[in-house]
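Those protein sequences? They're chains B and X, same order as listed.
Numbered continuously in our numbering, the first sequence closes out at residue 384.
Numbered continuously in our numbering, the second sequence closes out at residue 384.
Don't read these hints as lab results, they were simulated from the structure.
Check each hint, because a few of them may be wrong.
Taking CB as the label site, the calculated pair distances span [said to hold, decoys possible]:
no., chain 1, residue 1, chain 2, residue 2, range
1, X, Asp367, B, Glu300, 21 to 27 Å
2, B, Arg127, X, Pro273, 30 to 36 Å
3, B, Ser163, X, Arg182, 53 to 59 Å
4, X, Glu275, B, Ala319, 39 to 45 Å
5, B, Ala299, X, Ala158, 52 to 58 Å
6, B, Ala149, X, Thr215, 42 to 48 Å
7, X, Ser302, B, Ala319, 37 to 43 Å
8, X, Glu272, B, Ala299, 19 to 25 Å
9, X, Ala296, B, Ala232, 50 to 56 Å
Not close to chain B: a few residues of chain X, all C-beta gaps over 12 Å, as computed [as the list claims (entries may be wrong)]:
no., residue
10, Glu123
11, Ser139
12, Asp162
13, Asp217
14, Arg226
15, Leu288
16, Glu300
17, Ala344
Built from N, CA and C at the ideal position, the CB exists for glycine as well.
Protein chains: 2
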Amino acid sequence: MSAAEVDVPSGQPARTNTPAPGDPSLARLSLNQRTTAEWSLRESIDGALRAGLSSIGVWREPVADVGLETAAAWLRDSGLRVSSVCRGGFFTDNDARVRKQAIDDNRAAIDETAALGAACLVLVPGGLPTGDRDLPAARRRVADALATLAPYAESRGVRLAIEPMNPIFAADRGVVSTLAQALQLAEPHEPGVVGVVVDTFHLWWEPGIEATLAEASDRIASYQICDWITPLPADTLLSRGMMGDGHIDFAPFTRAVAAAGYTGDVEVEIFNADVWAAPGDDTIATMARRYADLVAPYL
Amino acid sequence: MSAAEVDVPSGQPARTNTPAPGDPSLARLSLNQRTTAEWSLRESIDGALRAGLSSIGVWREPVADVGLETAAAWLRDSGLRVSSVCRGGFFTDNDARVRKQAIDDNRAAIDETAALGAACLVLVPGGLPTGDRDLPAARRRVADALATLAPYAESRGVRLAIEPMNPIFAADRGVVSTLAQALQLAEPHEPGVVGVVVDTFHLWWEPGIEATLAEASDRIASYQICDWITPLPADTLLSRGMMGDGHIDFAPFTRAVAAAGYTGDVEVEIFNADVWAAPGDDTIATMARRYADLVAPYL
Numbered sequence: 086m087s088a089a090e091v092d093v094p095s096g097q098p099a100r101t102n103t104p105a106p107g108d109p110s111l112a113r114l115s116l117n118q119r120t121t122a123e124w125s126l127r128e129s130i131d132g133a134l135r136a137g138l139s140s141i142g143v144w145r146e147p148v149a150d151v152g153l154e155t156a157a158a159w160l161r162d163s164g165l166r167v168s169s170v171c172r173g174g175f176f177t178d179n180d181a182r183v184r185k186q187a188i189d190d191n192r193a194a195i196d197e198t199a200a201l202g203a204a205c206l207v208l209v210p211g212g213l214p215t216g217d218r219d220l221p222a223a224r225r226r227v228a229d230a231l232a233t234l235a236p237y238a239e240s241r242g243v244r245l246a247i248e249p250m251n252p253i254f255a256a257d258r259g260v261v262s263t264l265a266q267a268l269q270l271a272e273p274h275e276p277g278v279v280g281v282v283v284d285t286f287h288l289w290w291e292p293g294i295e296a297t298l299a300e301a302s303d304r305i306a307s308y309q310i311c312d313w314i315t316p317l318p319a320d321t322l323l324s325r326g327m328m329g330d331g332h333i334d335f336a337p338f339t340r341a342v343a344a345a346g347y348t349g350d351v352e353v354e355i356f357n358a359d360v361w362a363a364p365g366d367d368t369i370a371t372m373a374r375r376y377a378d379l380v381a382p383y384l
Numbered sequence: 086m087s088a089a090e091v092d093v094p095s096g097q098p099a100r101t102n103t104p105a106p107g108d109p110s111l112a113r114l115s116l117n118q119r120t121t122a123e124w125s126l127r128e129s130i131d132g133a134l135r136a137g138l139s140s141i142g143v144w145r146e147p148v149a150d151v152g153l154e155t156a157a158a159w160l161r162d163s164g165l166r167v168s169s170v171c172r173g174g175f176f177t178d179n180d181a182r183v184r185k186q187a188i189d190d191n192r193a194a195i196d197e198t199a200a201l202g203a204a205c206l207v208l209v210p211g212g213l214p215t216g217d218r219d220l221p222a223a224r225r226r227v228a229d230a231l232a233t234l235a236p237y238a239e240s241r242g243v244r245l246a247i248e249p250m251n252p253i254f255a256a257d258r259g260v261v262s263t264l265a266q267a268l269q270l271a272e273p274h275e276p277g278v279v280g281v282v283v284d285t286f287h288l289w290w291e292p293g294i295e296a297t298l299a300e301a302s303d304r305i306a307s308y309q310i311c312d313w314i315t316p317l318p319a320d321t322l323l324s325r326g327m328m329g330d331g332h333i334d335f336a337p338f339t340r341a342v343a344a345a346g347y348t349g350d351v352e353v354e355i356f357n358a359d360v361w362a363a364p365g366d367d368t369i370a371t372m373a374r375r376y377a378d379l380v381a382p383y384l
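I would like the entire structure built from these sequences, with the hints used as guidance.
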C-alpha cells in the first residue's frame, strides 16, 4: 500500500477511522475482486463481509476456479449483491472465426452473469488486431457484436455494459475511447439491455464529461472508481491508484453520476502492484476510508 | 533505432531506398529538433540540409545555446523554413505569480518566433498544479492565457498553436485533451492568430477525428507526426515511435488533414530513447523513408 497521505480535495477533514460494518457510508461500496487480486473468490466474499460491504464485483476466472454453481451458492448465501461480472467483450479481431469464438464466449459470460444474479456484464471492447490499423473498422465490429449479443442478453435478463477506456488502451485493449462514443454504440439498444460502465480512471479527462453523464442517464450500468496517478507505473495495465493518491476530483464526477440518476453500487477496481502486495483486509480498509471521504458524500 | 520491419498499412510496397535530396516526396518534410535530440542547432540544420529537407522545427533551448541572432542568421542562410518553435504554454499554475512568469516567458517565446520567422509557436497547455484536481479550472486558465497573449502575438505577426495532448498527459503536461476542445479554446480568436497543432500521437484515437479535422480547417497551424507504439515504454514522455512502428493509420489521418486545407510542412517529432541512441543521419534517413511511404502520398 502506498504511504501517501490522504489529500482530500474537497477540503473536508479526512477521516482517520475506517468505517465500521453498519456505517451508512458503506451502503453502496462494492469490492471488485481485482482490487484484492491475491484472494480467491471465497476469500474475497469473506473479506467483503468482514468489512461490512454489501456488494462485490466478481471475475469469471475465480468463479470458474470453484465452479459456477458453487460460486452462485456462496454469493447467494453471503447476502452480497453482485454489482458486476468482469468480463466479456474483446470483439475486435479481424478474423471472423476468432470473432465467432468471442461471441460464443460472451454468450457463456451472459449465462454466468444470469446465474450469479449480477447487475451487469462488463464488456471490454478489445484493441486493434495485430498489424491492423483500421480503428474505425474495429469500432464497427464492437457495434456488430452488440447487435448480435443484445437479444441473447435480453432473453437471459442480463444487462450488458460497454466500457469506454482511457485512450492509453485504444491500441491494445479498448477501442471505445469516450463515454460519448460508448453512448453512441449503446444507442440502438434498450438502456436496460445495453448500458455503459463509467470508470473514473478511463473518463476523468473527457471534455464535457458532466454533460455527457447527464445524457447517459439510465444507461449507466456500473460506476467504477480508482485514481489516475503519476508518474504512470511502467506497466500501464497496473497504473490505477487508490482514490486520493492521484489527480481525479471525485466530488464533481460523483455528483454528476448521481445527478444522472445512478442508484447502483460503486465498485472499487484497482490494478496496482503495490495495492496487490498489501494484505487484502488492509486494502479494503483503505478503500472504505477513502470512499467514505471522497465519494460517498457526493452520491 | 528499432529493428522493426516497415509494415505499410496501405498495402503498397515499402520503399527500400531513402528519398534522395530533390525527391519531391521530401518537399514538405520537416525535422523537429527533438527527433535528433543529441544534435545542436547547427548539427540539426546541417543534417536537415544533407538529407535534402527544406524545413525544420526548432526548440528554444538549443536556439538559446547559440543566441537568437546567430540562430536566426543560420536558419536564414540555410534556406530552411522554420515550421515551428517549441515551445510556449504551461499556463495552468494556480499561483498568479507563476502564471505571470509564464505569460512573460511566452511573450519572449513570441519574440523569438518572430525573429526566427517561424510558422507558429507551439503551446503546450500545462498540467494540473501539484495537489490541485480542478481540471475545468486549469482548462479555463488556458483560455485566459490565450486571451492575454493573442493581441501580443498578432502585433508581432506570430501565430500561436495550441496543442491538444493525449489524455495520458492530462494530469501532468497538457489539460487540453482533444482537437475538438482545442478548437473551442481557439474559437474566440482569429485563425491566423490562434491555431491548433495536429499531432497524430495525441489525436489518432479521437472519435470523429476526420470530421473534426474538417471543422478545424484553417486553424491547423502545424501537422506533427509520429506513431503510437505498444507496449508503451516505461517513461511515457519517451513513448513516441517512428511512423510505421506502431498502430496509427497515417493514410486516412493525413488525407483528412490535407482535405481540411492544410498546406504547411509536416514535422516529425519523436521522443524515444532508442531513436535518440541512433546516429542523427540514420534517424533522418529512416524518417524520410517512412514519411515518403506512409504520409507524403496522402497529402
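Verification of the supplied hints:
1. X:Asp367 / B:Glu300: 21 to 27 Å: violated (50 Å)
2. B:Arg127 / X:Pro273: 30 to 36 Å: For arginine 127 (chain B) and proline 273 (chain X) the Cβ distance comes to about 59 Å; the hint is violated.
3. B:Ser163 / X:Arg182: 53 to 59 Å: With Cβ atoms ~56 Å apart, the hint holds.
4. X:Glu275 / B:Ala319: 39 to 45 Å: holds (44 Å)
5. B:Ala299 / X:Ala158: 52 to 58 Å: Since the Cβ atoms of alanine 299 (chain B) and alanine 158 (chain X) sit about 57 Å apart, the hinted range of 52 to 58 Å holds.
6. B:Ala149 / X:Thr215: 42 to 48 Å: Given about 44 Å between the Cβ atoms, the range holds.
7. X:Ser302 / B:Ala319: 37 to 43 Å: holds (40 Å)
8. X:Glu272 / B:Ala299: 19 to 25 Å: At roughly 23 Å between Cβ atoms, alanine 299 (chain B) and glutamate 272 (chain X) fall inside 19 to 25 Å, so the hint holds.
9. X:Ala296 / B:Ala232: 50 to 56 Å: With Cβ atoms ~23 Å apart, the hint is violated.
10. Glu123: The assertion about glutamate 123 (chain X) holds, with a minimum of 24 Å to chain B.
11. Ser139: Per Cβ check, serine 139 (chain X) is outside 12 Å of chain B; nearest 29 Å; holds.
12. Asp162: holds (41 Å)
13. Asp217: violated (8 Å)
14. Arg226: The claim stands: arginine 226 (chain X) keeps its Cβ more than 12 Å from every Cβ of chain B (closest is about 15 Å).
15. Leu288: At roughly 9 Å from the nearest Cβ of chain B, leucine 288 (chain X) sits no farther out than 12 Å, so the non-interface label is violated.
16. Glu300: holds (15 Å)
17. Ala344: holds (16 Å)
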